[in-house]
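Visitor: Using the sequences and the hints given, assemble the complete structure.
Protein chains in written order, with the working numbering: chain R, 1 to 220; chain Z, 1001 to 1216.
What the hints contain is simulated information worked out from the structure, not anything from laboratory work.
Be aware that one or more of the hints could be misleading.
Interface residues of chain Z toward chain R, partial, derived using beta-carbon atoms under 7 Å [claimed, not checked]:
| id | residue |
| --- | --- |
| 1 | 1004 |
| 2 | 1155 |
| 3 | 1202 |
So these bits of chain Z aren't anywhere near chain R, every CB distance computed over 12 Å [as the list claims (entries may be wrong)]:
| id | residue |
| --- | --- |
| 4 | 1007 |
| 5 | 1042 |
| 6 | 1052 |
| 7 | 1115 |
| 8 | 1118 |
| 9 | 1122 |
| 10 | 1139 |
| 11 | 1200 |
| 12 | 1213 |
We treat Cβ as the ideally placed atom computed from N, Cα and C, and that holds for glycine.
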Amino acid sequence: MQDYLMTLLGGLAITLQLTAFSLLLGVLMAAGMTWVLERRIPVATQLVQLWVLVFTGTPLLIQIFLIYYGPGQFEWLKAGPLWPLLKQPWFCAVLALGFNTATYSTRLYKGALDAIPAGEVEACRALGFSAGQTLWMKTRHAARRLVPAYSNEVILVLKGSSLASTITIMDIMGLAQRLNAQTYDTLAVFTVAGALYLTMNGLLTIGFRWCERRALAFQS
Amino acid sequence: MLSLLLDAAWMTLGLALASLVGGMALALAFSAAELSKQRALVWPVATLTTLIRGLPELLVVLFIYFGSTQVLFLITGEYVEFSPFACGVLALSLLFASYATQTLRAALNAVPAGQRLAAQALGLGKGHTFFRIVLPQAWRHALPGLGNQWLVLLKDTALVSLIGVNEMMRQAQMASASTYEPFTWYAAAALIYLAISLVSEFGLKQAARYTRRYGG
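Guide: What follows is the structure in structure tokens.
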């Protein structure tokens, strides 16, 4: 058991890196897409809606495969300047996970903004705020309510990062699968791997609970 | 090639529907256990569903597929391989149930206690009260949540390709390996998933309207 734990801990850094970089990409993209939806920019709004439809309607696994294996079909892409990046599994995994979480985050952000009472927006208008200032006010108010929903999304990304093992990345899940193939000691290997994921998710949940209490302190 | 992919799409649907049936049965049993007054029933079920929700879906699928063989080996000393389809359905059912239990429990709690008391006052039996009085009213609250979980389940079926069930994802993998056109085949499979999701969403909207037909 202890040997297994030591081996699997070797993948911890990659799992955490994948999660962190995907979340970073996801937050940046989601902020942009929410801004487009909120300001109702023509054409861009429809494109974002189509993007959300496609990424929420298809499995993450197929998105990972499409991004990792897909470009190999096109010679012009292989000759292009992006190929050194696109042939790296790590980069593709972050891209797929990031796109995926960006889509779900966009939905969350937009939902949180829409949930702000109309009276607050009217108050902003009465005070002579510009459209940008109003959006900033809405963002700050929405952010507080967003914490519980976003913590779920972070856990989903951490769990989703295990799919990176399918494109040869040796994260915790990848190492667990290799160990399982070497030892056939499935129950022990996967129990240790599962315990690692549960610990990480538990710590994340506790951390977010703390943030939630602070962010929502104004309510109590 | 395309006809193979379409055949595999039926397999995906079959997997998803079988897991939906299994998952709903499990979820009903789990939420009944969680709502019961016996502590001995509440704790194991709550622990199991919480654990499964914290684990990566891929881990659950692989654990059940490889683990079931090992358990049987430890008990009987014989090496038996379980069918990937059955293991896939079991894993997906468990995953579905561990999320759906929460939805169902909340929905059952949302039915006013007076309804149960009224049924009791009329002398209806326990089973009758649950299936004919409480459950029909709970669906209205449960449907939006369960609908979302069905969409998640549909997408999770892709994971079962990794244990060798010949569903759409695996068919797309094989097609792209033999034609060297990975983009085309994965995109085609993705479009079929998208189509199934859209049809489901439409159906769920209709169903939601049906459950609200008496107002409210």
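Visitor: A separate judgement is required for each hint: does it hold in the structure or not?
Guide: Right, here's what the structure says about each hint:
With a cut of 7 Å, the hint placing residue 1004(Z) at the interface with chain R is violated, because the nearest CB-to-CB distance is about 17 Å. The beta carbon of residue 1155(Z) is positioned within 7 Å of a beta carbon in chain R (closest approach about 4 Å), and the interface hint is therefore held. With a cut of 7 Å, the hint placing residue 1202(Z) at the interface with chain R is violated, because the nearest CB-to-CB distance is about 12 Å. Consistency note on residue 1007(Z): stated as away from chain R, and its beta-carbon is indeed over 12 Å from all of that chain's, at 18 Å minimum.
With a cut of 12 Å on Cβ distances, residue 1042(Z) stays outside the contact zone with chain R, its closest approach being about 20 Å. Residue placement check: residue 1052(Z) does not keep its beta carbon more than 12 Å from all beta carbons of chain R (closest about 10 Å). Every beta carbon of chain R lies more than 12 Å from that of residue 1115(Z), the smallest distance being close to 31 Å; the non-interface claim holds. With a least beta-carbon separation of about 36 Å from chain R, residue 1118(Z) lies farther than 12 Å from that chain, consistent with its non-interface assignment.
A cut-off of 12 Å between C-beta atoms confirms that residue 1122(Z) is not in contact with chain R; the least separation is 41 Å. The claim that residue 1139(Z) lies off the interface holds: its Cβ sits roughly 24 Å from the closest Cβ of chain R, which is beyond the 12 Å cut-off. A cut-off of 12 Å between C-beta atoms contradicts the statement that residue 1200(Z) is not in contact with chain R; the least separation is 10 Å. Distance to chain R confirms residue 1213(Z) as a non-interface residue, since its nearest Cβ pair spans about 27 Å, more than 12 Å.
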